[in-house]
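> Read off the chains here:
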Amino acid sequence: MTSSKGLEFKIEERSGVSQGRILCISVLAILFALVIAGLFFQLFGVSALKAYRLIFSGSLGSSFGLAETLRRAIPLLLCGVGLTIAFRALFWNIGAEGQLLMGAVAATGIALFSEIPAPLLLPAMFLGGFIGGALWGLIPAVLKVTLGVNEVITTLMMNYMSIYLVEWLIHGPWKGPSARGFAYSETFPPSAWLPTITGTRIHWPTLVLGLILSVLMYILIIYTKSGLEIRIMGENPEAARYAGINSLKVTLLAMFISGGLAGLAGVGEIAGIHQRLLGPTHISMGYGYTAVIVAWLARRNPLAVIFTSLFFGLLITGGDVIKVSLGLPSQLINVFNGLILFFLIGSEFFLHYRISLLSRR
Amino acid sequence: MGWENWIINTFSRSLAYGTPLLLGTLGEIYAERSGVLNLGVEGMMIMGAYSAFTTTYLTKNPWLGILVAGIIGGIFSLIHAFTSITLKANQIVSGLSLTMLGLGLSGVLGRGWEGKPLASTIPKVTITPLSHLPLLGPILFQEQNLIVYFTIISVPLLWYILFRTRIGITIRAVGENPATADSMGINVSRVRYICVLLGGILAGISGGYLSVVYRPAWTEGMTAGMGWIVIALTIFAFWNPVNGMLGAFLFAALYHLSFRLQPYVSPELLKAMPYAMAIIVLIFVSRGTLQKRIGAPAALSLPYTRGED
Amino acid sequence: MNKTDDYAIELHRIVKRFPGVIANDGIDLKVRRGEIHCLLGENGAGKTTLMRILFGLYQPDEGEIILNNQKIQITSPKVALQNRIGMIHQHFRLVSTLSVEENIILGLDEGTGPFTNFRRVREKISLISSQYGLSIDPQAKIWQLAVGQQQQVEILKALYREVEILIMDEPTSVLTPQEVEKLFITLRSLVNNGLTIIFITHKLEEVMKVSDRVTVLRKGKVVITVSTKDTDKATLARLMVGREVIFRFKKNPLQKKDKILEIKDLHVLNDRGLPALRGVSFDLFGGEILGIAGVSGNGQNELAEVLTGLRKVWKGLIYFTNQDITHCSSRKINKLKVAHIPAERIRRGIVVTLSVSENLILNKYFYLPFSRGEFLNYKAIEENAQAMISEYQILTPHHKAPVRILSGGNIQKIILARELSKDPGLIIAVHPTYGLDIGATEQVRQILLAQRERGAGILLISEDLEEIISLSDRILVMFNGETMGILEEENADLEKIGLMMAGSKYPGEKI
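Chains as they are written, first to last, in our numbering: chain W, 2 to 362; chain P, 3 to 311; chain S, 183 to 693.
Isolated chain W (complex conformation) (with noise of 0.2 Å):
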């Protein structure tokens, strides 16, 4: 109990939350971040709403804009739905980012160096990305599992390892010709190259297979013995143990999923976009990161996922409108996501627990 003047605060947890609460309490906290983030549109004498209202129509009024939004959204739906599979099993997979790199790797290293023939060459690097992402992911599932170790730590680690050999990569073995300083490998062989919706980067087959994919994962979750296996050990680790689930199987599953898929989302990054390997900050502004955000908002929802990825491709959009019609920086989406994610955390305290006003007696 915590008193204050004449009043009294009693917390208590609450014993169930409504899905009415969970939406209203998510949209609030995106409400809140919106007005916070509103206020430093006026720290640059910009009225808070033309800028978002430049954001809003930039990125979805134009067709330019609705195209870079979906082409923003595709590497977050992939991670995302990934994501929400790991974070269900309680696994807290904050390396999506080194497993997309990884698929980006792999399907470099497929695209240039393997002598698959054309027609078979795309699906071979989608699945040596999958391979390549889930492997990485594998990795500190296994540490977990056998020796207890924290996986936010060696996921986040694995990151910045994943960074440096893409590095290492296209300044050594597999450097190409280099363009205005930046280090690039070969470009990839035409057939490669994913096919895009004309005049746009939308590499359409990627957001084919993230759409399919976000609703097997539904599928899975809901409707399949697996799917069961993880929601039950992710809500209660001891009532699973004594239903006879296997804890090691379930988690090296869950993250063989969550690394399989971002790293098909760096198969799309690189042979939808850039069609060679790149400096690894110019693959990826992110998205692993941003995929959490989308996750949680999505409230682990496979789905879901559909919707709040788009609507942080809106925002990354947005960013850019903003930075070129407005000479505000684009970093403000940073601020942005920052904060929402923040007032999503926050704000699940309301979820959890009930203040009450008593007057004292």
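Check each hint, because a few of them may be wrong.
In silico DSS-like cross-links for lysine-lysine, where the CA-CA straight-line distance does not exceed 25 Å [as the list claims (entries may be wrong)]:
(1) W:Lys250 to S:Lys517
(2) S:Lys391 to S:Lys433
(3) S:Lys441 to S:Lys323
(4) S:Lys561 to S:Lys546
(5) S:Lys494 to S:Lys441
(6) S:Lys519 to S:Lys546
(7) S:Lys517 to W:Lys226
(8) W:Lys324 to P:Lys118
(9) S:Lys561 to S:Lys582
(10) S:Lys403 to W:Lys226
(11) S:Lys687 to W:Lys226
(12) W:Lys226 to S:Lys497
(13) S:Lys494 to S:Lys546
(14) S:Lys441 to S:Lys604
(15) S:Lys604 to W:Lys226
(16) S:Lys212 to S:Lys391
(17) S:Lys438 to S:Lys604
(18) S:Lys561 to W:Lys226
(19) S:Lys403 to S:Lys433
(20) W:Lys250 to S:Lys494
(21) S:Lys494 to S:Lys517
(22) S:Lys546 to W:Lys226
(23) S:Lys446 to S:Lys687
(24) S:Lys391 to S:Lys253
(25) S:Lys433 to S:Lys604
(26) S:Lys687 to S:Lys497
(27) S:Lys415 to S:Lys212
(28) S:Lys446 to S:Lys517
(29) S:Lys517 to S:Lys497
(30) S:Lys497 to S:Lys514
(31) S:Lys546 to S:Lys497
(32) S:Lys441 to S:Lys415
(33) W:Lys250 to S:Lys391
(34) S:Lys514 to W:Lys250
Think of the hints as simulated: they come from the structure by calculation, not from any bench.
Got chain W sorted already, so can you dock chains P and S onto it with the hints?
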């Protein structure tokens, strides 16, 4: 260069680069020893760097700049403390969001400050009698600055506090077994708040040092992942300030060497080293008895609620 | 030791209520200075609650505490310590990575400002140690010490804070016999130096051996306070379990079927690596209820876990209908139609965020028809849920409702429905009516009796002696990991059971 000069050069540069690493690590060690995982170090560092730079530029007083950096870092850390300790939210996500916020905010506010020259910086210090000592002299006592000295001196001090004083016992108890500490009358929340605050202040100062002393300049994102290295170093140090110092300077030396060794060893692999080492250390300490002796504080990243036993 | 009426502490008419139960119902307790006073009683008698009031962890609803002829209010452990009252809990309050001296001074102000004068600390520890015959290296880390030594650290902690009244809650429950001897010597030494000790226990042997006086509690009331030398084990046992007529359930006569469970010389370790079961052997037949009586912590939980595949067997054999299941996994045993109704139902038996229907198949989702291949068959799951809900009368708004919103009784019914619907041959029920209201308790007991009719063999583990006596056909009493004896229903009288529960093998009883 004669190899003697080479050693002097490497080590004195390592001191310069290792100091911000060490500052951040010392703060994170205290925060984690009390049981709170602070992944927001990167954000606090960059905000410290930004605020120190602008303050110094405007007031021409570098010390004021560093002071402000510490304050800003502290304020940020209080936000993390509030979310993690009072609201009992997920510490990982809270820290990450603060890093995002810090990076974004500093990028936003820092626009337009790039390229501005900093006229005033803290003076270099040469302690003449000591600077004539062989090897050590030129490394430590020639052309170094007060912050380096302050940092090095604080290492044994922080070690002593953590392991030989009542305060340190309290902190370690809170991070290891908050229920027991609570039952012994210790205010777990308060101890954690203070440790997280210390972590934030040191992170801020560390960032301030970067932009006011080490460079001195402001560039967006200039911390370049140093905050994550601090997290790795904290583990590598087994949560012990003295090891932290060795680790920080070792890493700084390797970093400096990576440029020299470029023809022989790829710099990227060297840069990946601290992260790989952190994982290896974690594996190493996860086994049974070792964990008790030198492992992570048992209650790290777990929120504490007083419950029935 | 003078036996004048010099009371170290007096408790008058203490009442403490919790929702649904009166833990202390007007308790009077007077503890003489310089004595070792035992509080004897079963689980739920109110001993721990009373001592927690004395140590400031709870506040009494009525009654008063008198210390040195002054009424005092003990509002927190800090205040208790200020009044020189200390308590050593059953689960030690020690930080394992810190050293002995660091644990001792945790929370204390020792020295100037933040700096601790460790030399003075060590001197004081050394002084206390030699005065009381304890010997612990102050710089040893807690994790390096044996359990008995860790308890000595707890004692040192209390002595360092200069307590005059020391409360010990079941101190011997974690000790080896040698460590128990050492503890008793230490207690004598403490008392010779003027301390007063209050000792909570359920073990008659200890009461007779070490105490000067004993107070027996039963159902929240004091039964008697008597000098130890004026009584004996049999009397105390009888007082501990009471003399009321036990209501026996109207059961159909026993129709014993084949032997379904055979336990041979079972040795099992607990979580700390100490023996929890020391050579337990018994048989269970279909159609009977075998009640396992005993104060909790004497190996019953480990027995349940071992029989359901959740704990490893160290030595010994378990046969289920002539099949060796000693080392089977929990899923395998589950498939053999062994039902388990676990002790902590919310923590272990269900997942509160999942729906009623999902919880009803928590350990069967991999069977047809609930799943075909990898996919769950929700139609079958729902049908099953509807059937279970009506058969067991589970009150829930909808089968998709999350279990979290259900009452304790209905949660237990879900577990029962799930476990019993596999037509089990063996049912292991651990504290099945714990925390349930009267109506739900009735229903659960009727369900168990119905299973008995069906021919299942039921192992009933419970702390509620009345429940055991009223439901069981045979009663096995456990103490300290061993079976003290097995009684047929006709022979089951409270005195015998009480003696066995408190550590005395009933004379002539075969094990």
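> When the hints from earlier in the document are held up against this structure, which numbers fail?
Per hint list: 2, 3, 10, 11, 12, 19, 24, 31, 32, 33 violated.
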